[in-house]
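Based on these hints, arrange chain B on the given structure of chain A.
Here the protein sequences come in this chain order: A and B.
Heads up: the first sequence at position 62 corresponds to 62 in this note's numbering, and the numbers run straight through without jumps.
When you read off a place in the second sequence, starting at 1, and then add 1000, the result is the number in this note's numbering.
If you're looking for bench data, these hints aren't it; they were derived computationally from the structure.
One or more of the hints may lead you astray.
Claimed, not checked - To be clear about the criterion: a stretch of chain B counts as covered by chain A if any three or more of its residues have a C-beta under 8 Å from a C-beta of chain A, and this derived list gives those stretches:
no.: 1; segment: 1042-1048
no.: 2; segment: 1104-1115
What the hints assert, rightly or not - Computed, partial: chain A to chain B, Cβ under 7 Å:
no.: 3; residue: 3
no.: 4; residue: 44
no.: 5; residue: 94
no.: 6; residue: 104
To be verified - Per label pair, the in silico range of CB-to-CB distance:
no.: 7; chain 1: A; residue 1: 82; chain 2: B; residue 2: 1008; range: 27 to 35 Å
no.: 8; chain 1: A; residue 1: 61; chain 2: B; residue 2: 1028; range: 29 to 37 Å
no.: 9; chain 1: B; residue 1: 1056; chain 2: A; residue 2: 5; range: 21 to 29 Å
no.: 10; chain 1: B; residue 1: 1017; chain 2: A; residue 2: 17; range: 43 to 51 Å
no.: 11; chain 1: B; residue 1: 1084; chain 2: A; residue 2: 9; range: 34 to 42 Å
no.: 12; chain 1: B; residue 1: 1080; chain 2: A; residue 2: 81; range: 41 to 49 Å
no.: 13; chain 1: A; residue 1: 111; chain 2: B; residue 2: 1072; range: 41 to 49 Å
no.: 14; chain 1: A; residue 1: 81; chain 2: B; residue 2: 1056; range: 15 to 23 Å
no.: 15; chain 1: A; residue 1: 15; chain 2: B; residue 2: 1020; range: 41 to 49 Å
no.: 16; chain 1: A; residue 1: 27; chain 2: B; residue 2: 1050; range: 17 to 25 Å
no.: 17; chain 1: A; residue 1: 109; chain 2: B; residue 2: 1052; range: 42 to 50 Å
no.: 18; chain 1: B; residue 1: 1005; chain 2: A; residue 2: 61; range: 24 to 32 Å
no.: 19; chain 1: B; residue 1: 1056; chain 2: A; residue 2: 45; range: 37 to 45 Å
no.: 20; chain 1: B; residue 1: 1080; chain 2: A; residue 2: 67; range: 38 to 46 Å
Ideal Cβ positions, reconstructed from N, Cα and C, are used throughout, including at glycine.
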Amino acid sequence: GENVEQHPSTLSVQEGDSAVIKCTYSDSASNYFPWYKQELGKGPQLIIDIRSNVGEKKDQRIAVTLNKTAKHFSLHITETQPEDSAVYFCAATYNYGQNFVFGPGTRLSVLP
Amino acid sequence: EPEVTQTPSHQVTQMGQEVILRCVPISNHLYFYWYRQILGQKVEFLVSFYNNEISEKSEIFDDQFSVERPDGSNFTLKIRSTKLEDSAMYFCASSDFRGTADTQYFGPGTRLTVL
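Isolated chain A (complex conformation) (with noise of 0.2 Å):
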């Protein structure tokens, strides 16, 4: 089955920096790869995603590439903010909708 591995598990940055959130993937049919935020005491939620037809995919600050080859998918966040801390996680799946197949987590703070 799939596995999906998440590094670095912890991820401090000054305030307006960079931070870069990497993944890989084992099960070459996975084909869609959703990226969730999950704040203390909340549900993940759905920050960006990226499907194996596309090599990048951007909305404002939030960014995430994808590997084919080399089976794996990046998250990056610019002008971080401290509203961006929280935990990020990265999932993979195949066959549209089945169940996800999370990383194991990455836990971001911005420092102000």
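The following block gives chain B in isolation, referenced to the frame of chain A:
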């Protein structure tokens, strides 16, 4: 904006008791999911549900677990005889189409504490 809701937010129960966790998915969604997250760990898939039947389930989802859509709006997860290791956050999610529009939207979760 439509959202997934879950009740209760926190459930405390004694080991061996039955619990029912409730979810109201987004109204036009067709696919429903339960996930769990043990404290400090990653989110794990339990079960997916479509057209009034389970479409996929994980190894975690054993005979102690069941799901039901008792009416047009609710989606429930039942644990028949809770164990200490069932203590976790349980998240419900829904999506509108297993095709090109498949984003899963998560509810705020129910924290289950088994004593």
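Exercise for the section: With respect to the beta-carbon atoms only, verify the hint that residue 1005 of chain B and residue 61 of chain A lie 24 to 32 Å apart. Expected result: holds (29 Å)
Practice task
So, residue 104 of chain A near chain B? Judge it on the closest CB pair being under 7 Å.
Solution key: holds (5 Å)
Practice task
Hint says 21 to 29 Å; check whether the CB-CB distance for residue 1056 of chain B and residue 5 of chain A agrees.
Solution key: holds (22 Å)
Exercise for the section: Please test the hint of 41 to 49 Å on the beta carbon pair from residue 15 of chain A and residue 1020 of chain B. Expected result: holds (44 Å)
Problem - Residue hint residue 44 of chain A, partner chain B, criterion CB-CB below 7 Å - result: Since chain B brings a Cβ to about 5 Å from residue 44 of chain A, closer than 7 Å, the hint holds.
Practice task
Check the following: the C-beta atoms of residue 82 of chain A and residue 1008 of chain B are separated by a distance inside 27 to 35 Å.
Solution key: Taking Cβ atoms as reference, residue 82 of chain A and residue 1008 of chain B lie about 31 Å apart, which means the hint holds.
Practice task
Note whether the CB distance of residue 61 of chain A and residue 1028 of chain B lies within 29 to 37 Å or breaks it.
Solution key: holds (30 Å)
Exercise for the section: Could you see if the CB distance from residue 1017 of chain B to residue 17 of chain A stays within 43 to 51 Å? Expected result: About 49 Å separates the Cβ atoms of residue 1017 of chain B and residue 17 of chain A, which means 43 to 51 Å holds.
Exercise for the section: For the range 41 to 49 Å, tell me whether the beta carbons of residue 111 of chain A and residue 1072 of chain B fit it or not. Expected result: The hint (41 to 49 Å, Cβ to Cβ) holds, given that residue 111 of chain A and residue 1072 of chain B are roughly 48 Å apart.
Exercise for the section: Evaluate the given range 38 to 46 Å for the C-beta pair formed by residue 1080 of chain B and residue 67 of chain A. Expected result: holds (45 Å)
Exercise for the section: May I ask you to test the hint 17 to 25 Å on the CB atoms belonging to residue 27 of chain A and residue 1050 of chain B? Expected result: holds (22 Å)
Practice task
Confirm or reject the coverage of the segment 1104-1115 of chain B by chain A under the rule of 3 or more residues with a beta carbon closer than 8 Å to the chain's beta carbons.
Solution key: Our answer is that it holds, as 6 residues pass the Cβ test (under 8 Å) against chain A, meeting three.
Violation of the numbered hints given earlier is confined to hints 3, 5, 11, 14 and 19; the remaining hints are satisfied by the structure.
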